[in-house]
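Please assemble the complex out of the two chains, which come individually in their own frames, going by the hints.
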Amino acid sequence: MTDITILVATMSGTAEMVADEIAGRLEDAGAQARILRMEKADIGTLKDAEGPLLICSSTYGTGDVPGNGAALYGALEAGKPDLSGVRYGVVALGDSVYPQTFCFGGRKFDALLSSLGAQRIGERFEHDSRSGVYPEDAAADWAEQWFASLDD
Amino acid sequence: MEDIHSVIIVGAGQAGGRAAKAVRAAGYSGRVVLIGEEEHLPYERPALSKAVLLDPAAQAPSVLTGADCAALDLDMRAGRAVAAIDRAAREVVLADGERLGWDRLLLATGSRVRPLAIDGVPPQSIMTLRTLDDARLLRERLAAGADIAVVGGGFIGLEVAASAAKLGCRVTVVEAADRLLPRLGCPEASAMVLAHHRRAGIDIRLATTVKHGDGQALELSDGSSVPATLIVAGIGVSPDTALAEAAGLECDDGIIVDEYGRTSDPAIFAAGDVTRHRHPLLCRHIRLESWQNANVQAEAAGRSMVGVPTVSAEIPWLWSDQGDLNLQVAGAPERVDAVVMRGDPDGEGGIALFQFQDGQLVGGVTVNRGKDMPMIRRMLALPALRPDPQALADPDTPLRRLLPARETA
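Chains as they are written, first to last, in the numbering used here: chain W, 2 to 153; chain U, -8 to 400.
Bound conformation, chain U alone (with noise of 0.2 Å):
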């Protein structure tokens, strides 16, 4: 194998942070550079929408702290974009027309939210949360009293519907289909999470677009309108692969690699919300927007990139809490055709979601319920397990049982 000299890694958010540890970690002493357009360290984003817009005082939890940088002898550049990547060269291009050389290169660029244009609202005045400084300027906005429209019922629009209603704002959100979180296949959990906000006051509008605004209020397509002196898009996320493509690297929503993190180039690897990877349990490829994503994954391309192979193979996971309701997803599944209940939608103690797909249980969510998740991801990991529905449905018969005794994590 070639000599490995120099690593750079362009976006610094958590899964850029991560793959530098992971460099370290695996024994490369040779340079990094890690380049991010934020003027922050990496951080974590998910306290953004909840934690930070709540409490002035409140820290995103660092992924890299400046004494780690220092420790791991990082080149950290904040602040900096990237505005070409040279294969033929190995060089990256920075936009003020510094190159840098690499002998293997990470991009971990994340995801850009998707605009949101309403006719007759100046497109400043719609915000949207995805880094710190966003997150800053939407808390500063989120007086008490104020009038709020999120638009997008999604995990983001509902977190920063329940911060925002915790804050004492008017809330309105504002959502196309005809329920919330439809890809969870089950109209009572559906129900749950509506009911949730509708109790914490929020005003929740179902099958229903935004038609035009006017900057004090919004006139929605079912001829009602709503006060919104602010509006928040939480109408997703894309993949930035904008370098990728322009470097010609293989993408298709996302920078397709394997298993290791590695491209269509060999020498170019790339982590986190960008990527579309190869999951050795999926057995297919997968676009994942979520924090354990930017932690494992990145960790594998990391340490693959400076030559110790290393794959990412953890069931998919991820969490939204929202006001008191906590939300947790495992699986990935790409068709449901069963969904079995535990739990009491209407009692204390919260429900879990089995997914089934030809018998095979695929993917599992717990509303207020999460310490059914531990073992709902043990299963998963077993694809061979075909757990009985009926045992899943009963609360009394602990999931522990359900799996084989004490196997080893």
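In isolation and in its complexed conformation, chain W is listed as follows (with noise of 0.2 Å):
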């Protein structure tokens, strides 16, 4: 069975949610998924996770990571630890009230990670809070499809 990490920025909490519902929906189709806010995770999370990592993140107005992922970051920014063999996903939600700066907590884990050597599996998922899509649901169903391309 393959083991999915869900690491979680949140400023307001709908990143959590999301992450909730993409859980339910993972383990559906026959994952472990375990949710882990970024606060309570360090660079061994990433390093000694079982199976890939999904980055679920929202995004503060100045296009900075979320107060709760802040510190994760700045540790993986500073030890530039060796992330070659860690695969990883990535959910990024925004608001288009920020045009320059939009879905960037999510796109700045994603540069960061493939800059330390991680491979991103498929593409990065942004949603726009002023879409009128319901976030996890969109979430869910991407999240899906990219658990089905893991294993190809």
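In case anyone wonders, no lab produced these hints; they're calculated from the structure.
Each hint should be verified, as a subset may be incorrect.
Examples of chain U residues lying across from chain W (beta carbon under 8 Å, computed) [said to hold, decoys possible]:
| id | residue |
| --- | --- |
| 1 | Gln50 |
| 2 | Pro52 |
| 3 | Ser216 |
| 4 | Ser281 |
| 5 | Met364 |
| 6 | Pro365 |
| 7 | Arg368 |
All values reported here derive from a predicted model rather than from experimental measurement.
Ideal Cβ positions, reconstructed from N, Cα and C, are used throughout, including at glycine.
Structure follows, in structure tokens:
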């Protein structure tokens, strides 16, 4: 069984709600999904993960990663651990009221993990809170496809 | 409809900036002048009591950058005060006497902090927090080890207290009510917030007022004395209706506007904190001091003003980050007669509160449980939905299941 660790960086809680929904859908699809808020994760969490990681991050208005993900982001940036062998996906939540920094939380984690040698599986999923589409529906649909593509 | 060639927006805070963007997004191509008293381009205020106090390098998210102003062809007048509105001539009169003509005027003058007077303390020693300049001044004075007294235990007061405590200040909060945030309607939630701040080392004095001070300490109503070399007042704000009232626009604790943001003068609109607007979902007038209202109500007013009638109709929502505590409040209950709690106030997962009036869900609050807030907001937007209180109280029943399946946003 595939173990998936969903790492959540959230401002208002929406990303955590989305992660809950994704976890449910992944379990239905036969995965083992674990949700971890980023303030409880460290470099070891990423390096030692059994299976792929799924980053689920919202965005602060100035384009920063959410506060609870800042320490992990900073540790990765400073420590530059070798993450080759780590596979990950990205769910990025944004609000087009901030066009210049749209989905930057998820995009920044994506760029950082990739620069440390981790391998992204599939395209990044991006959601606009003004789209009229519920983020958890769209993200869970995406995650199901993403999970199916892990074996390819 | 008459031709509109000139739009003036008075007030360059978040609402003024958003309205200017909306005017352009609606397709209007005439003149737009945005006039603000602050020397800054429009920015968002929520960060002022948190990130901007904690980190000298932190920025408040901008609403309009210089590049935006150029791209949108906005005539931005920062650092300029408006003295009067001449409705007959359709002009605004600036403090320096300059007159600018308008076909449509939008007032986004926001709110002013209520001043606090303390016997024995010079007014200039009592700081308040509203603008970026206020925040920078306050940050300079929040040195580690300083003795800070925050008067008022509402959202802003508690946010400032939490930031000051994080910076190593000794902080006392003086609150007149006998518990924090009494309007939550839930003693457990008030106790949770209190315990959080006390754990962070903040000395919170409830049911207490300030008698007088001497620059070094404050004497309180219970006879005790607390050290205070810096006093921060957080006792609320008032809508800045002075210009509107002088111009004869209808005001009642805010400029009265309809759901399109139109005042009692059909050529004048208003947006943001300063308004008391007709809310189409709540079916009454309401004044909201929030980031959300400064976005959505300003956007509706901006569009409506240039001939694209747009209503503002989101369920009211706001948040307050106090150190590691995240509070979110949705709805606008007039009266709460029952509160249902979800989650364990002593546990890790936080709590959600559901506020009922006559069996109808009228409000929701989360304390470190933001993941429930999206569903609470969706429930509140469906007044006919009468969620089962027992199901709401059961953390094992997903809130999603209490909503109609897959209805679209």
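Hints, verified against the model:
Because the beta carbon of glutamine 50/U sits about 6 Å from the nearest beta carbon in chain W, less than 8 Å, this interface hint is met. Interface hint status for proline 52/U: upheld, as the beta-carbon distance to the closest one in chain W is roughly 3 Å, under 8 Å. Among the interface hints, the one on serine 216/U is violated; its C-beta lies about 36 Å from the nearest C-beta in chain W, farther than the 8 Å criterion. With 8 Å as the threshold, the beta carbon of serine 281/U stays out of range of chain W, its nearest partner Cβ sitting at about 13 Å, so the hint is violated.
A distance limit of 8 Å between C-beta atoms decides the matter here; for methionine 364/U the minimum to chain W is near 5 Å, and the interface restraint holds. Contact between proline 365/U and chain W, as hinted, is supported at the beta carbon level, the nearest pair being about 5 Å apart and thus within 8 Å. About 10 Å separates the beta-carbon of arginine 368/U from the nearest beta-carbon of chain W, more than 8 Å, and the hint is not met.
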